[in-house]
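S.K.: Now for the letters of each chain:
Protein chains: 2
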Amino acid sequence: MLKRTHTCGELSEIDTEQTVVLNGWVNKWRDHGGLIFIDLRDRFGVTQIVFDPSVNKEIYLTAKKLRSEFVVAVKGKVEMRPDDSFNPSISTGKIEILAREIEVLNESKTPPFEISDNIDINEELGLTYRYLSLRRQKLQQNLILRSRLYQSVREYLTKNSFVEIETPVLMKSTPEGARDFLVPSRNYKGKFYALPQSPQTYKQLLMVAGFDRYFQIVKCFRDEDLRRDRQPEFTQIDMEMSFVDENDVMTIADGLIRKIFKDIHGIDISTPIKKMSFQQAFETYGNDKPDLRFDMQIRKLNNLFKQTDFQVFKDVLSQNGHIAGLAIPDGSELPRNRIDRLVEEAKNYGANGLAYMKYQKNEFSAGISKFISDVEKKNIREAFPLKENDLLIMVAGKYEMVYSVLGQLRLDLGQELKLSDNSQIRFIWIVDFPLLEFSDEENRYVARHHPFTSPKPDQIDLLSEKPQEVLARAYDLVLNGNEIAGGSIRINTRKMQRKMFEALKISKEEAENKFGFLMKALDFGAPPHGGIAFGLDRLAMILAGGDSIRDVIAFPKTSSGLSLMDQAPSEVDNVQLRELHLKIL
Amino acid sequence: MLKRTHTCGELSEIDTEQTVVLNGWVNKWRDHGGLIFIDLRDRFGVTQIVFDPSVNKEIYLTAKKLRSEFVVAVKGKVEMRPDDSFNPSISTGKIEILAREIEVLNESKTPPFEISDNIDINEELGLTYRYLSLRRQKLQQNLILRSRLYQSVREYLTKNSFVEIETPVLMKSTPEGARDFLVPSRNYKGKFYALPQSPQTYKQLLMVAGFDRYFQIVKCFRDEDLRRDRQPEFTQIDMEMSFVDENDVMTIADGLIRKIFKDIHGIDISTPIKKMSFQQAFETYGNDKPDLRFDMQIRKLNNLFKQTDFQVFKDVLSQNGHIAGLAIPDGSELPRNRIDRLVEEAKNYGANGLAYMKYQKNEFSAGISKFISDVEKKNIREAFPLKENDLLIMVAGKYEMVYSVLGQLRLDLGQELKLSDNSQIRFIWIVDFPLLEFSDEENRYVARHHPFTSPKPDQIDLLSEKPQEVLARAYDLVLNGNEIAGGSIRINTRKMQRKMFEALKISKEEAENKFGFLMKALDFGAPPHGGIAFGLDRLAMILAGGDSIRDVIAFPKTSSGLSLMDQAPSEVDNVQLRELHLKIL
Chain A
721 MLKRTHTCGE
731 LSEIDTEQTV
741 VLNGWVNKWR
751 DHGGLIFIDL
761 RDRFGVTQIV
771 FDPSVNKEIY
781 LTAKKLRSEF
791 VVAVKGKVEM
801 RPDDSFNPSI
811 STGKIEILAR
821 EIEVLNESKT
831 PPFEISDNID
841 INEELGLTYR
851 YLSLRRQKLQ
861 QNLILRSRLY
871 QSVREYLTKN
881 SFVEIETPVL
891 MKSTPEGARD
901 FLVPSRNYKG
911 KFYALPQSPQ
921 TYKQLLMVAG
931 FDRYFQIVKC
941 FRDEDLRRDR
951 QPEFTQIDME
961 MSFVDENDVM
971 TIADGLIRKI
981 FKDIHGIDIS
991 TPIKKMSFQQ
1001 AFETYGNDKP
1011 DLRFDMQIRK
1021 LNNLFKQTDF
1031 QVFKDVLSQN
1041 GHIAGLAIPD
1051 GSELPRNRID
1061 RLVEEAKNYG
1071 ANGLAYMKYQ
1081 KNEFSAGISK
1091 FISDVEKKNI
1101 REAFPLKEND
1111 LLIMVAGKYE
1121 MVYSVLGQLR
1131 LDLGQELKLS
1141 DNSQIRFIWI
1151 VDFPLLEFSD
1161 EENRYVARHH
1171 PFTSPKPDQI
1181 DLLSEKPQEV
1191 LARAYDLVLN
1201 GNEIAGGSIR
1211 INTRKMQRKM
1221 FEALKISKEE
1231 AENKFGFLMK
1241 ALDFGAPPHG
1251 GIAFGLDRLA
1261 MILAGGDSIR
1271 DVIAFPKTSS
1281 GLSLMDQAPS
1291 EVDNVQLREL
1301 HLKIL
Chain B
721 MLKRTHTCGE
731 LSEIDTEQTV
741 VLNGWVNKWR
751 DHGGLIFIDL
761 RDRFGVTQIV
771 FDPSVNKEIY
781 LTAKKLRSEF
791 VVAVKGKVEM
801 RPDDSFNPSI
811 STGKIEILAR
821 EIEVLNESKT
831 PPFEISDNID
841 INEELGLTYR
851 YLSLRRQKLQ
861 QNLILRSRLY
871 QSVREYLTKN
881 SFVEIETPVL
891 MKSTPEGARD
901 FLVPSRNYKG
911 KFYALPQSPQ
921 TYKQLLMVAG
931 FDRYFQIVKC
941 FRDEDLRRDR
951 QPEFTQIDME
961 MSFVDENDVM
971 TIADGLIRKI
981 FKDIHGIDIS
991 TPIKKMSFQQ
1001 AFETYGNDKP
1011 DLRFDMQIRK
1021 LNNLFKQTDF
1031 QVFKDVLSQN
1041 GHIAGLAIPD
1051 GSELPRNRID
1061 RLVEEAKNYG
1071 ANGLAYMKYQ
1081 KNEFSAGISK
1091 FISDVEKKNI
1101 REAFPLKEND
1111 LLIMVAGKYE
1121 MVYSVLGQLR
1131 LDLGQELKLS
1141 DNSQIRFIWI
1151 VDFPLLEFSD
1161 EENRYVARHH
1171 PFTSPKPDQI
1181 DLLSEKPQEV
1191 LARAYDLVLN
1201 GNEIAGGSIR
1211 INTRKMQRKM
1221 FEALKISKEE
1231 AENKFGFLMK
1241 ALDFGAPPHG
1251 GIAFGLDRLA
1261 MILAGGDSIR
1271 DVIAFPKTSS
1281 GLSLMDQAPS
1291 EVDNVQLREL
1301 HLKIL
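Listed in order, the protein sequences are those of chains A and B.
Here the first sequence is numbered in my numbering, starting from 721 and rising by one per residue.
Here the second sequence is numbered in my numbering, starting from 721 and rising by one per residue.
Treat each hint with caution, since some may be false.
For identical chains, the list gives no copy identity; a pair is met inside one copy or between any two copies.
Stated by the list, open to error - Here are the computed lysine-lysine pairs in the PhoX-like style, where the Cα-Cα straight-line distance is at most 25 Å:
no.	residue 1	residue 2
1	K1097	K784
2	K1303	K911
3	K795	K1107
4	K1067	K1118
5	K1228	K829
6	K785	K1186
7	K1303	K909
8	K879	K723
9	K979	K879
10	K829	K1219
11	K1067	K1186
12	K1228	K911
13	K879	K858
14	K797	K1107
Hints in this document: simulated from the structure, not taken from any laboratory.
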């Protein structure tokens, strides 16, 4: 085999007259006036090769038979291209190789789609031939970026005394939250391992063991009905620290973010990243992961309508409901049918209706404007800094509904009206989360993060009386409307852990059965500790400017968990099942 | 919480007079003439704290109640110890902290064993309380070394243009070799994912995709009946390269080994690491992973006994058998019953018997010496450089048996007679492996490495006629008798892959069903490629000077795959099983 002396992205005018060997794929093939040109491609770049029958007839004839995606080795001399055929878009664009030897290393059938970034490929076809999709430059660059991301993360964390430790993949099944993937045991009939939803218990045990600072870039698994753009297996940057409080963890995470954005994009993120309470986020942006790339804040209007005669609002306030609104820039110019659709959308999101008023020439008109008093109108103008042509929309009703509906509309409108500057990078920490949330389905409180999250120390006594009011020592990091990390300070005594399980209506037996080993560990000198986990797939996606986490995963599955390339999951031998003591129903 | 200003391994005489805060565990507690001393421990070291009732009565009383493994925060002044109580074995041994404040951060029950490297712990107890075992300094240092090993590997590989890419954990079940762990699918009734035994097919697909150089430090899984010191999940350093031959891969691996030993132990490994053929290794050391830390080579003696009158040897040679022997240094002085046991051991390893002769004062005596002619004796003396008091042992019979029995005895004797210099680091590449080996159990040839390994190009035609003679483009790296890495150049055309499957008696349908996706990928321009995988657990164990891979794994399982700490695997809900469409037999 003719072994390469250079990659296809390496040669330039300073290499002319050298004899070189390149190995790669035929990217483009063309016959131009008796000369054959191919663009030879590898992951490093593309180099033009020329076959001239007057130089060597035999290799010219071989070159004639080349087709796209053939793998070849070419030996030849680096020459300058004629001035008028420079290609400034590639680094090798001033030179070409005049071929003197060629070896076809492998042939290729005609691929089902052209290997080019400029072509839309049917998603199923692209996943079936994933190894060909991955030849596209964009996907290659994404995975190379992801590789750099790993190194950047590890460099930062090891410099900060974190120890990288692998935790088991075959672990105990302890469903509390999402569904576990199970792995039947052959040696222990009727028993199962589970794949980790996260290494949560292990990293806490590592703190009990005194490792002080732990990290791992680790695969996690959830057998959920997959929503759009989720994968059954996903990757976390998992960290835990001892002798820390919330701010220590957030400070380390701030530094990690700074390092990553500097290494990957040369951007300086300003730290400390600002913090916002869960309540403020919810009442201003309608969710706990605000997209701050555009403003359009929600305003609570309860006080403005205290004395209102508008019956709808009056009724809501009398039932301790909320009224809130937001101003859509230039919304008064939206056509009537768009406004009608907006009302429908609000209803689809759960509102009873959507009240609105146009604001033009300092006056309110249309919608509910005739029901609103002049004083109220004046107050509204002051509450919002309204601008000419704004459309004020308002929702009234139950607290949760009001803000979440407005939050949804805000996001939809932000996108539709292109309010967001997508080049912006807007981080925010969300803190002071409620510890628990009530699950109507299970008719009990469930942990908003997970049952190992510590409540605020001064609120522990509230846990039995007013569990809904207790705040957690938890924090989420949000980037441009995506939750990219979440963590908390953990419970580190058996007494507090038991209190938490009681609040969750998990019986002593169940707690012992599932988490007895962790509670036992807390008896032997568990230090104060806390941590955080970053969703690496989403972070890589944002860094790569992709639309889907599939763009940064080498071999993703469909949203139903199917691998189209190899048809996993698949049937297995009966012998295998018998060995596992299992029968299919 | 009193937050630490320093770790417990950081302070020394230059810090005297400073007021500091330390956080850690009470390692030792003693009451000395009215003063209380504690050794406060964290992963960075140990610092002595003094509580003096005349300085602060209240904290003295708190300190009186401290017990081993309590977690405390202490504030105090750094002072020089009296000259006569310096402890030169620790870096903080010249100072102590005179405590002025103390906060008990958590209490501890009395641990089931003392946290000390100097105590033998029952293995089951140690695994049950793994988080306490992991507080022992030796295990902490092992895992910290392992963390450094990861970083060293990744630094080397990324510098050499390898891209780190994660491959799926939930993959297609393709049993060929060991048994897969299976993961039942909830969405696809009766179908299963498998956990990877290695990312072999994926890394080949990444080469087809053009990534050129791939690596990953990755968990792999085998549901085997665990031999001593195996784990159901283990970690590999997995690599693959395009446009390479065997030497290119071995050169990269040589460089990796150099980098690792330099980074971890400051040792310069001389490269290129030498190569030895499989045949030579087998006929000289009796196996394919020779321990070169001691000599005692096996010698083939067939030619010496061509004309022999000794009936046993004569018979063996007439049946195309082999005779080989090795010389045990000072073996003539072994007591008679030890020599008798040696004969028994040889029989246990599969020999019909063990022939021997003592060599003393240039003469052979005892054993079979009276049956051996003078010419033969002279030739033996020349074949071996025999030394005074050597014991020559010989085995005759079938080829495989002869060398493997002598190889086993060589290892046993090497250990018993302490022939090996354990401070040595002896690497060797084993090359020219047979491609196939006959499986009596399956009554067919099976792949010695795996079915994707390429045969030597000039021997492909032998594959149908004399499959046993075909050599593989495979290579194993051996360190001190341990196989620490293995790899090969892969098959990269459908035609050759099909030929290989035919040699393995895998039908076209079965091949299509299991590996159709890989064969299809080979149709679209698969470059020449090859790779290697290092067993990271064993490598870390050797680097840490441990006896068992459990010494370098945070949460290992027993040899039957049980996690004693959390009792995984465990029973699961019937609801979970129903969702997976499964019933236990």
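S.K.: Compare the structure with each hint and give your call.
M.R.: Now the hints, each set against the structure:
With identical chains, the CA atoms of K1097 and K784 are never at most 25 Å apart, being 79 Å at best within one copy and 70 Å at best between copies. For the identical chains of this complex, K1303 and K911 are neighbours both inside a copy (14 Å) and across copies (12 Å), given an alpha-carbon limit of 25 Å. In this assembly of identical chains, the alpha carbons of K795 and K1107 never lie at most 25 Å apart, being 68 Å within a copy and 58 Å across copies at closest. Within a single copy, K1067 and K1118 get their C-alpha atoms as close as 14 Å, which meets the 25 Å cut-off; across copies the closest is 85 Å, which misses it.
For the homomeric pair K1228 and K829, the shortest alpha-carbon distance between copies (20 Å) is at most 25 Å, but the shortest distance inside one copy (64 Å) is not. Taking the shortest Cα distances, K785 and K1186 never come within 25 Å of each other, neither inside one copy (79 Å) nor across copies (36 Å). With identical chains, the CA atoms of K1303 and K909 are at most 25 Å apart both within one copy (12 Å) and between copies (12 Å). For the homomeric pair K879 and K723, the shortest alpha-carbon distance between copies (21 Å) is at most 25 Å, but the shortest distance inside one copy (39 Å) is not.
In this homomeric assembly, K979 and K879 come within 25 Å of each other (Cα to Cα) both inside a single copy, at 12 Å, and across copies, at 19 Å. In the homo-oligomer, the alpha carbons of K829 and K1219 lie at most 25 Å apart only across protomers (20 Å), although the nearest pairing inside one protomer, at 65 Å, exceeds that limit. In this assembly of identical chains, the alpha carbons of K1067 and K1186 never lie at most 25 Å apart, being 32 Å within a copy and 76 Å across copies at closest. Taking CA atoms no more than 25 Å apart as the test, K1228 paired with K911 passes inside one copy only; the shortest distance there is 22 Å, against 36 Å between copies.
Proximity of K879 and K858 under a CA criterion of 25 Å is satisfied inter-copy only: 22 Å between copies versus 31 Å inside one chain copy. For a Cα distance limit of 25 Å, the shortest separation of K797 from K1107 qualifies neither inside one copy, at 67 Å, nor across copies, at 63 Å.
Of the numbered hints stated above, those contradicted by the structure are hints 1, 3, 6, 11 and 14, listed in ascending order.
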